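Each chain, letter by letter, is given below.
Number of protein chains: 4
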Amino acid sequence: MLNATLATQSDRQTLVHLSDYIAFGGEELVIIAGPCTVESRSQMETVATQLQRAPVQALRGGAFKPRTSPYSFQGLGVEGLEILSQVRSRHQIPVVTEVMSITQIELVAAHADMLQVGSRNMQNFDLLKALGEVDKPILLKRGLAATLEEFVMAAEYILSHGNSQVVLCERGIRSFDTYTRNVLDLGAVVALKQMTSLPVIVDPSHATGKRELIPALAKAAVAVGADGLIIECHPEPEKSVSDARQALSLDDMVQLVHSLHPIAAAVGRKIPASLTAVSA
Amino acid sequence: MLNATLATQSDRQTLVHLSDYIAFGGEELVIIAGPCTVESRSQMETVATQLQRAPVQALRGGAFKPRTSPYSFQGLGVEGLEILSQVRSRHQIPVVTEVMSITQIELVAAHADMLQVGSRNMQNFDLLKALGEVDKPILLKRGLAATLEEFVMAAEYILSHGNSQVVLCERGIRSFDTYTRNVLDLGAVVALKQMTSLPVIVDPSHATGKRELIPALAKAAVAVGADGLIIECHPEPEKSVSDARQALSLDDMVQLVHSLHPIAAAVGRKIPASLTAVSA
Amino acid sequence: MLNATLATQSDRQTLVHLSDYIAFGGEELVIIAGPCTVESRSQMETVATQLQRAPVQALRGGAFKPRTSPYSFQGLGVEGLEILSQVRSRHQIPVVTEVMSITQIELVAAHADMLQVGSRNMQNFDLLKALGEVDKPILLKRGLAATLEEFVMAAEYILSHGNSQVVLCERGIRSFDTYTRNVLDLGAVVALKQMTSLPVIVDPSHATGKRELIPALAKAAVAVGADGLIIECHPEPEKSVSDARQALSLDDMVQLVHSLHPIAAAVGRKIPASLTAVSA
Amino acid sequence: MLNATLATQSDRQTLVHLSDYIAFGGEELVIIAGPCTVESRSQMETVATQLQRAPVQALRGGAFKPRTSPYSFQGLGVEGLEILSQVRSRHQIPVVTEVMSITQIELVAAHADMLQVGSRNMQNFDLLKALGEVDKPILLKRGLAATLEEFVMAAEYILSHGNSQVVLCERGIRSFDTYTRNVLDLGAVVALKQMTSLPVIVDPSHATGKRELIPALAKAAVAVGADGLIIECHPEPEKSVSDARQALSLDDMVQLVHSLHPIAAAVGRKIPASLTAVSA
Numbered sequence: 001m002l003n004a005t006l007a008t009q010s011d012r013q014t015l016v017h018l019s020d021y022i023a024f025g026g027e028e029l030v031i032i033a034g035p036c037t038v039e040s041r042s043q044m045e046t047v048a049t050q051l052q053r054a055p056v057q058a059l060r061g062g063a064f065k066p067r068t069s070p071y072s073f074q075g076l077g078v079e080g081l082e083i084l085s086q087v088r089s090r091h092q093i094p095v096v097t098e099v100m101s102i103t104q105i106e107l108v109a110a111h112a113d114m115l116q117v118g119s120r121n122m123q124n125f126d127l128l129k130a131l132g133e134v135d136k137p138i139l140l141k142r143g144l145a146a147t148l149e150e151f152v153m154a155a156e157y158i159l160s161h162g163n164s165q166v167v168l169c170e171r172g173i174r175s176f177d178t179y180t181r182n183v184l185d186l187g188a189v190v191a192l193k194q195m196t197s198l199p200v201i202v203d204p205s206h207a208t209g210k211r212e213l214i215p216a217l218a219k220a221a222v223a224v225g226a227d228g229l230i231i232e233c234h235p236e237p238e239k240s241v242s243d244a245r246q247a248l249s250l251d252d253m254v255q256l257v258h259s260l261h262p263i264a265a266a267v268g269r270k271i272p273a274s275l276t277a278v279s280a
Numbered sequence: 001m002l003n004a005t006l007a008t009q010s011d012r013q014t015l016v017h018l019s020d021y022i023a024f025g026g027e028e029l030v031i032i033a034g035p036c037t038v039e040s041r042s043q044m045e046t047v048a049t050q051l052q053r054a055p056v057q058a059l060r061g062g063a064f065k066p067r068t069s070p071y072s073f074q075g076l077g078v079e080g081l082e083i084l085s086q087v088r089s090r091h092q093i094p095v096v097t098e099v100m101s102i103t104q105i106e107l108v109a110a111h112a113d114m115l116q117v118g119s120r121n122m123q124n125f126d127l128l129k130a131l132g133e134v135d136k137p138i139l140l141k142r143g144l145a146a147t148l149e150e151f152v153m154a155a156e157y158i159l160s161h162g163n164s165q166v167v168l169c170e171r172g173i174r175s176f177d178t179y180t181r182n183v184l185d186l187g188a189v190v191a192l193k194q195m196t197s198l199p200v201i202v203d204p205s206h207a208t209g210k211r212e213l214i215p216a217l218a219k220a221a222v223a224v225g226a227d228g229l230i231i232e233c234h235p236e237p238e239k240s241v242s243d244a245r246q247a248l249s250l251d252d253m254v255q256l257v258h259s260l261h262p263i264a265a266a267v268g269r270k271i272p273a274s275l276t277a278v279s280a
Numbered sequence: 001m002l003n004a005t006l007a008t009q010s011d012r013q014t015l016v017h018l019s020d021y022i023a024f025g026g027e028e029l030v031i032i033a034g035p036c037t038v039e040s041r042s043q044m045e046t047v048a049t050q051l052q053r054a055p056v057q058a059l060r061g062g063a064f065k066p067r068t069s070p071y072s073f074q075g076l077g078v079e080g081l082e083i084l085s086q087v088r089s090r091h092q093i094p095v096v097t098e099v100m101s102i103t104q105i106e107l108v109a110a111h112a113d114m115l116q117v118g119s120r121n122m123q124n125f126d127l128l129k130a131l132g133e134v135d136k137p138i139l140l141k142r143g144l145a146a147t148l149e150e151f152v153m154a155a156e157y158i159l160s161h162g163n164s165q166v167v168l169c170e171r172g173i174r175s176f177d178t179y180t181r182n183v184l185d186l187g188a189v190v191a192l193k194q195m196t197s198l199p200v201i202v203d204p205s206h207a208t209g210k211r212e213l214i215p216a217l218a219k220a221a222v223a224v225g226a227d228g229l230i231i232e233c234h235p236e237p238e239k240s241v242s243d244a245r246q247a248l249s250l251d252d253m254v255q256l257v258h259s260l261h262p263i264a265a266a267v268g269r270k271i272p273a274s275l276t277a278v279s280a
Numbered sequence: 001m002l003n004a005t006l007a008t009q010s011d012r013q014t015l016v017h018l019s020d021y022i023a024f025g026g027e028e029l030v031i032i033a034g035p036c037t038v039e040s041r042s043q044m045e046t047v048a049t050q051l052q053r054a055p056v057q058a059l060r061g062g063a064f065k066p067r068t069s070p071y072s073f074q075g076l077g078v079e080g081l082e083i084l085s086q087v088r089s090r091h092q093i094p095v096v097t098e099v100m101s102i103t104q105i106e107l108v109a110a111h112a113d114m115l116q117v118g119s120r121n122m123q124n125f126d127l128l129k130a131l132g133e134v135d136k137p138i139l140l141k142r143g144l145a146a147t148l149e150e151f152v153m154a155a156e157y158i159l160s161h162g163n164s165q166v167v168l169c170e171r172g173i174r175s176f177d178t179y180t181r182n183v184l185d186l187g188a189v190v191a192l193k194q195m196t197s198l199p200v201i202v203d204p205s206h207a208t209g210k211r212e213l214i215p216a217l218a219k220a221a222v223a224v225g226a227d228g229l230i231i232e233c234h235p236e237p238e239k240s241v242s243d244a245r246q247a248l249s250l251d252d253m254v255q256l257v258h259s260l261h262p263i264a265a266a267v268g269r270k271i272p273a274s275l276t277a278v279s280a
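Chains as they are written, first to last, in full-length UniProt numbering: chain A, 1 to 280; chain B, 1 to 280; chain C, 1 to 280; chain D, 1 to 280.
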């Protein structure tokens, strides 16, 4: 059944363009990093400055935050988007942030280079349809208990409404074990790349919820054939307003990127040694 | 933590009013029945007429249908809502139908007595917030892999935005077994009634996906203390445009309601023998 | 495929005899109760004496205990079996206890009326085969993540080796939620009774791990069509050496049995009001 | 709590010796390959001869097979063990095979270099205790729904009874998705190596049940830090008597081992280029 979909009808790998120089699905892996939540301009400036040492190709940071409880901090909202915009202009680095509803699309699209759909909204079909009409790439995260077919079909909602620029993100699924927050399903990466022509990236931060597991799983994700990574890091992880337990320090993030080079090479992929190299 | 929420702060059971005469959470159980999807006016007329023999207190029927694939039938939309309106007026029976996005709320609220949030949207927080400002009761279905805390907190999004009329619906959770579509978690009914003051009903149709399991699970749901049931039935189940395998025939639905009387009595609850009795 | 098995080839319900007067699968439900672990003779004497007020038809109590850690208390072993024997003789009540390995079978069979296979051993095929050659009824508990087909096939190992006296026990399956220990799958009871001719009973104690959920789930189990229940209780639940959180007090256990009478009647089943009545 | 166990009390990585020259837990990865089931001497001769080209350090092959149904082929039994013995002597290569019950231990230990405990027996505590008294290394596979703590504690049953030579094997856990047979939990490999001092290997064959996913997951397993792999292959995969869908051809197996070299190098590990190199 899946064979009839737009996601699978291309003979070639779909390239999803984040900027003129950066695309998901090519030889170069795309690494996105940044804090769970945009907390302040100085925080994001520090993040951008430090991560250029890695380098990473894009920044992440939540302005609108989906939180289990309505009484938890819901993100800085518009102020968070403006901070992202400023950092993006000043550092010439693309930013990725989440959009939670149709009414936020226009605003988020004005400030970000890529719009993320979170796990809880993977089957928010009206949002997906609306994102099909947006001229920005979409990062679609797998639902916590979504089958691979459901995941591909969610992407198909976006594609069939006109937007072919969709990147899938495996971010861990629910299981019975409580040692890690979720179980990272790297077999899904391989399967998704066989089922569809879309790029697939991996989020080891939300998958595990424990920073000490992230570097090894990031290596595994590259080895398994992922087209990129999205990883949480923070200038002072222990002070993060959310998901503190899973954020890497910026130094550890830089170190992690460097450690991925030989793995990428071993599977015929590349990680840019500098952003100049990327844009050259 | 849950103790501080609106859902739990009442000493008494919350009553959620579906009409002047029907409320969830009282001595009388509320039984909602009808097809998965509104297919035609004649279909819904037959359903309403036949189910009055049971009787059931409300009709269900989907106008906007969340479907895994964008290429599956998405429901009759506005036409479906209008059919529901007509049947509701003519038969003087409340109707429950799903709302999938903020932009549909006003329209759906104009045609239905209760707005359903489907499993896939349980954590569509912007939709929940918007429903907090609606003057209609909300039927909130548990997400496929939602923990009880997440479920209660999703209700809390609605309550904290001003709408106290929320009914929780256990409808089966994902498991490893493929014999039934999902696993009906009746322990959740007991736990939810201990955790919150909100009424809790059970959907055995989506939980099992097999009609031959539904009558026994409906009895179990009543025995465990549920405040009502929502069950799929169809004039010609084998011709249903969706979920045909799980729809009861209308005769079987009527028979099922009758069979629940002694169970309800055994746990100190009632099922109305006629709608006149309900409204008296 | 399952149609070809011994478990399904009978046209009629299999009766599994616990004593001359007690059988699983008939009109009368069989209720088994007692502590998780046999702790002392006085404990078991108190249990037997008090539960005769319910009455229950059989006592449970572990002598050999499967424990996650090798450093946890492993049960009284042979001493526990001897206590069970004494109580069984003195009170003329059948006892059910677990057998963990082939080498224990002869010993356990000499002291107990029914041999239990625990969840962890549901696919210990060599043990199952050996139990197929024993002249005692077997209580086979569903594995924590066993599909229904695997469960029926595990019973088939016993049946195909010569012992037709097998009772299946649904005791909760693993899920992602941590509010209850496991999720009681009452749909499995209905399905198993459609798939096989074997009696099916329910263990709400291990399923939930919380005593406040047990009475309602016991009622639901009777309503759904279970042929019996196995429930943990203890003279002083808070002092139980294992699973203290889920044990009912003996008074609560007696009260629970009484509360099940109307539910049983509502589904055409009976619970004996006294053991004399049973044996009449 | 886990800190007090034997599995964790060593400051250093435990080395588990498969032969004088091969150990799990050192710089060199250990790769075990072979068919699901020993079918004939000629089959195993072909396997051994061909896999020496890889090379692999050990052969696997089931003589006693745990099967869901009692009517499925249960393995060649003693004849299978004798075939393993002959191939092992003739090719000077260690063999790993499963032991299903205490009564088989002596026999299996006489023919094999390492005794495997299958997933279904991970909490067959009497078997584990008996294996604690055996002078052979044990390969303990994770149960289908075992938590990491349960898995480590199962190993502890063996260790605390005197056998320190235990290798843990992650082989996929049960999930809701049916696209792959199970979900390979590579985060568990990282976590287990942090929780215990025992070597951890990965079985991508049973984890996925689909041969086209195996090479990528084998690379990921090496990247994540596994100490070895166990992989199913067969001279004619489509003719395998069991698990045909997941067996690699022998050529693909050889090719897979070669493809792992650069990944191993990238994480500071080695795969021997020839068995002579290993034993040098």
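Treat the hints as calculated values from the structure; they're not laboratory data.
All values derive from a computational prediction rather than experimental measurement.
Any given hint might turn out to be false.
Any copy, or any two copies together, can satisfy a pair, since identical chains are not distinguished.
[What the hints assert, rightly or not] Think about it this way: if two alpha-carbon atoms lie no more than 25 Å apart in a straight line, the pair counts; the simulated SDA-like pairs of lysine to any residue are: (1) Lys239 - Ile102; (2) Lys193 - Glu212; (3) Lys210 - Arg90; (4) Lys270 - Leu107; (5) Lys239 - Ala265; (6) Lys239 - Val267; (7) Lys136 - Val241; (8) Lys136 - Glu236; (9) Lys193 - Thr178; (10) Lys129 - Tyr71; (11) Lys136 - Thr103; (12) Lys193 - Ser72; (13) Lys129 - Lys193.
How the hints compare with the structure:
1. Lys239 - Ile102: neither (32 Å within a copy, 35 Å between copies)
2. Lys193 - Glu212: between (28 Å within a copy, 11 Å between copies)
3. Lys210 - Arg90: Answer is neither: 32 Å inside a copy and 48 Å across each miss the 25 Å cutoff.
4. Lys270 - Leu107: neither (34 Å within a copy, 52 Å between copies)
5. Lys239 - Ala265: The answer is neither: 35 Å in one copy and 37 Å across copies each exceed 25 Å.
6. Lys239 - Val267: neither (37 Å within a copy, 31 Å between copies)
7. Lys136 - Val241: Neither: 28 Å inside a chain and 35 Å across chains, both beyond 25 Å.
8. Lys136 - Glu236: Neither. Shortest intra-copy (31 Å) and inter-copy (45 Å) distances fail the 25 Å Cα cut-off.
9. Lys193 - Thr178: Result: close only across copies, 17 Å inter versus 29 Å intra.
10. Lys129 - Tyr71: Answer is between; shortest inter-copy Cα gap is 12 Å, intra-copy 29 Å.
11. Lys136 - Thr103: For Lys136 and Thr103, both the intra-copy (16 Å) and inter-copy (22 Å) Cα distances are at most 25 Å.
12. Lys193 - Ser72: between (36 Å within a copy, 24 Å between copies)
13. Lys129 - Lys193: within (23 Å within a copy, 37 Å between copies)
Hint check: violations occur at hints 1, 3, 4, 5, 6, 7, 8; the rest are consistent with the structure.
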